[in-house]
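> Start from the sequences, fold in the hints, and give me the full structure.
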Amino acid sequence: MNSTEIIQLLQQQQGPALAAAVADGLHPHVVVPADRLMAVATVLRTDWRLRFDLLRCISAIDWPAKNTIELSYDLLATARGHSFAVKVLLDRANPRVESLRGIWPAAEWHEREAFDLMGVTFLHHPDLRRILLPEDWVGHPLRKDYQYPTEYQGLQLNP
Amino acid sequence: MGLIEGIFEPGLIVTSVDWVLNWSRQRSIFPMTFGIACCAIEMMAAGAARFDLDRFGAGAFRATPRQADLMIVAGTVTCKMAERLRRLWEQMAEPRFVIAMGACAISGGPYHLHAYHVVKGVDQIVPVDVYIPGCPPRPEALIEGLLRLQDKISTRTIAKQAQG
Amino acid sequence: MYYFRNICQAIRTVAAGLRVTLPYHFARTVVVQYPEVEPTVQGRYRGFHAYQIERCIGCEACAKACPVGCIHVGKSGPRKMDKSRDLAVGGALTEYQIDYNTCLFCGLCTEVCPTACLRMGSLHDSSCYRRQDLVVDFVRLAKEGRRTLLPIWLAKANLPGWAARVRDYWRNLDRDRREWMARADDPRYCGELAQAAVPPPAAPPAASRPQEGAA
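Chains A, B and C supply the protein sequences, listed in that same order.
When the letters of the first sequence are read in order and numbered with the numbering used here, they come out as residues 1 to 159.
When the letters of the second sequence are read in order and numbered with the numbering used here, they come out as residues 160 to 323.
When the letters of the third sequence are read in order and numbered with the numbering used here, they come out as residues 324 to 538.
Honestly, the hints are just simulated from the structure, not real lab data.
You may find that some hints are simply not true.
What the hints assert, rightly or not - Each computed DSS-like pair below joins lysine-lysine, with the alpha-carbon atoms no more than 25 Å apart: (1) C:Lys406 to C:Lys466; (2) B:Lys239 to A:Lys144; (3) C:Lys466 to C:Lys479; (4) A:Lys87 to A:Lys66; (5) B:Lys311 to C:Lys479; (6) C:Lys479 to C:Lys403.
Here's what the structure looks like:
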């Protein structure tokens with residue numbers, strides 16, 4: 001299926017849940033509200049025509065001017081051979097979204113990474129800890145307004 | 160500190176014992192298998208057949224810090240790794256030596272200016288005996304650093320130091 | 324049919340692979356006997372810098388190009404090239420530091436150098452016992468008549484033959500331009516008027532320079 005058909009199918013199934021849809025370009029995707037993400041993801045995973053069984057990555061993008069954090073879930077259907085993406089726009093002050101750990105188990109570590117570096121809270125995540133940085137790190141480094149620390153546990157980080 | 164260190168006055172017997180101890184320590188350095196980043200590739204090359212660290216008695220890389228007496232910090236030390244590195248160093252038996260290999264281990268290297276997560280110099284965590292610059296250093300440079308470490312070991316003494 | 328073709332293909336590919344690796348089985352063991360025998364370094368190898376201070380105009384292009392900011396240049400006034408004598412005249416260079424703690428040996432500093440006075444040398448082994456020993460001030464080295472730093476092991480007494488040759492090569496390099504190297508940090512000699520008053524060194528510098536000059 002190409003991306004136009006995927007979007008049509010999603011609109012039939014979910015209707016008003018889709019906030020926006022981009023069918024052409026390098027990165028075809030749909031934008032869904034945060035509370036509808038779980039339902040859209042379930043359709044993408046279980047519908048027999050779609051069968052997106054591989055979550056390739058979760059990208060988190062910080063937009064300070066728009067006051068949003070954008071999550072992009074890149075999906076691939078290994079048997080069908082088509083790929084697609086789902087985007088969620090979250091409030092930058094309090095980014096919270098449902099965890100997709102139950103649908104794609106690979107999401108567990110991707111979500112931990114997004115939590116670690118961007119500070120996105122994933123609800124009902126089984127093990128939401130920092131994955132790359134030390135446990136006692138302060139702040140989320142990939143935020144655009146992140147202030148670099150001068151020291152960590154007595155180690156000088158500014159030369 | 161060992162049992163016999165720092166209790167004898169320097170003399171003929173002590174310097175002879177020094178010579179034997181240093182001779183054996185120099186020629187049987189056991190490095191630890193501690194490659195953190197890309198410098199470890201050069202370290203492996205130095206340990207393999209072409210460059211052959213075994214010629215200097217330092218080719219037996221031990222997989223546990225308790226059997227090793229040389230830690231070659233070969234690569235970027237992140238803040239998360241710093242705690243582990245310090246713990247591994249404390250697990251090593253004395254006398255223990257540290258070689259900082261490559262720009263990352265010496266000062267942060269490419270992460271020197273704009274990085275929040277890299278320790279700017281492994282000498283903030285453990286005392287470093289020999290610094291080997293390079294990005295990464297050639298295996299010959301690592302061998303040369305090892306020879307400088309042997310020079311340093313040969314100056315060690317068990318006699319009472321002037322500072323006490 | 325496919326069965327036999329697969330067998331033939333398997334034998335052929337294994338033979339093709341062994342054609343590369345099998346000679347090494349019969350070849351003599353090649354161990355680089357490093358401290359005794361000279362290591363083979365390609366001409367394009369980027370080792371510790373070689374720096375011609377008397378031709379440096381102090382433009383700080385190298386310091387700006389450095390991705391880690393490990394080059395520090397200090398000068399008392401603007402310098403410019405005197406093409407006829409192949410010398411930089413004007414202000415004096417007070418410091419030219421390269422911090423080999425952070426240097427990546429990427430060679431970007433040599434690519435931007437307008438007078439090609441900074442090049443990557445061939446020395447590759449200079450370990451140190453202290454971190455500050457790796458901060459090399461080339462102005463101080465030039466006063467000692469050096470183009471590049473001297474590793475501590477090359478300063479030792481009994482060296483293998485190849486190492487002594489390397490040491491003597493760098494020691495005797497540009498012997499006829501020593502005087503200008505030593506004067507590069509002296510404002511009285513670098514000044515335009517003083518430059519005219521001081522006679523140039525005895526040997527003609529441009530002809531006897533052993534390395535390639537500015538492109």
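> Please go over all the hints and tell whether each is borne out by the structure.
Quick rundown of the hints versus the structure:
Straight-line distance between C-alpha atoms of C:Lys406 and C:Lys466 comes to about 23 Å, which keeps the hinted pair within the 25 Å bound. Distance check on the hinted pair: B:Lys239 and A:Lys144 sit about 22 Å apart at the alpha-carbon level, within 25 Å; holds. With a C-alpha separation of about 21 Å, the suggested pairing of C:Lys466 with C:Lys479 holds against the 25 Å cut-off. A distance of roughly 15 Å separates the Cα atoms of A:Lys87 and A:Lys66; the hinted pair therefore holds under the 25 Å criterion.
Of the supplied pair hints, the one linking B:Lys311 and C:Lys479 holds, its CA atoms being roughly 14 Å apart against a limit of 25 Å. In summary, the hint linking C:Lys479 to C:Lys403 is not supported, as the alpha carbons are separated by about 39 Å, beyond the 25 Å threshold.
In this structure, only the earlier hint numbered 6 is contradicted, and the remaining ones agree with it.
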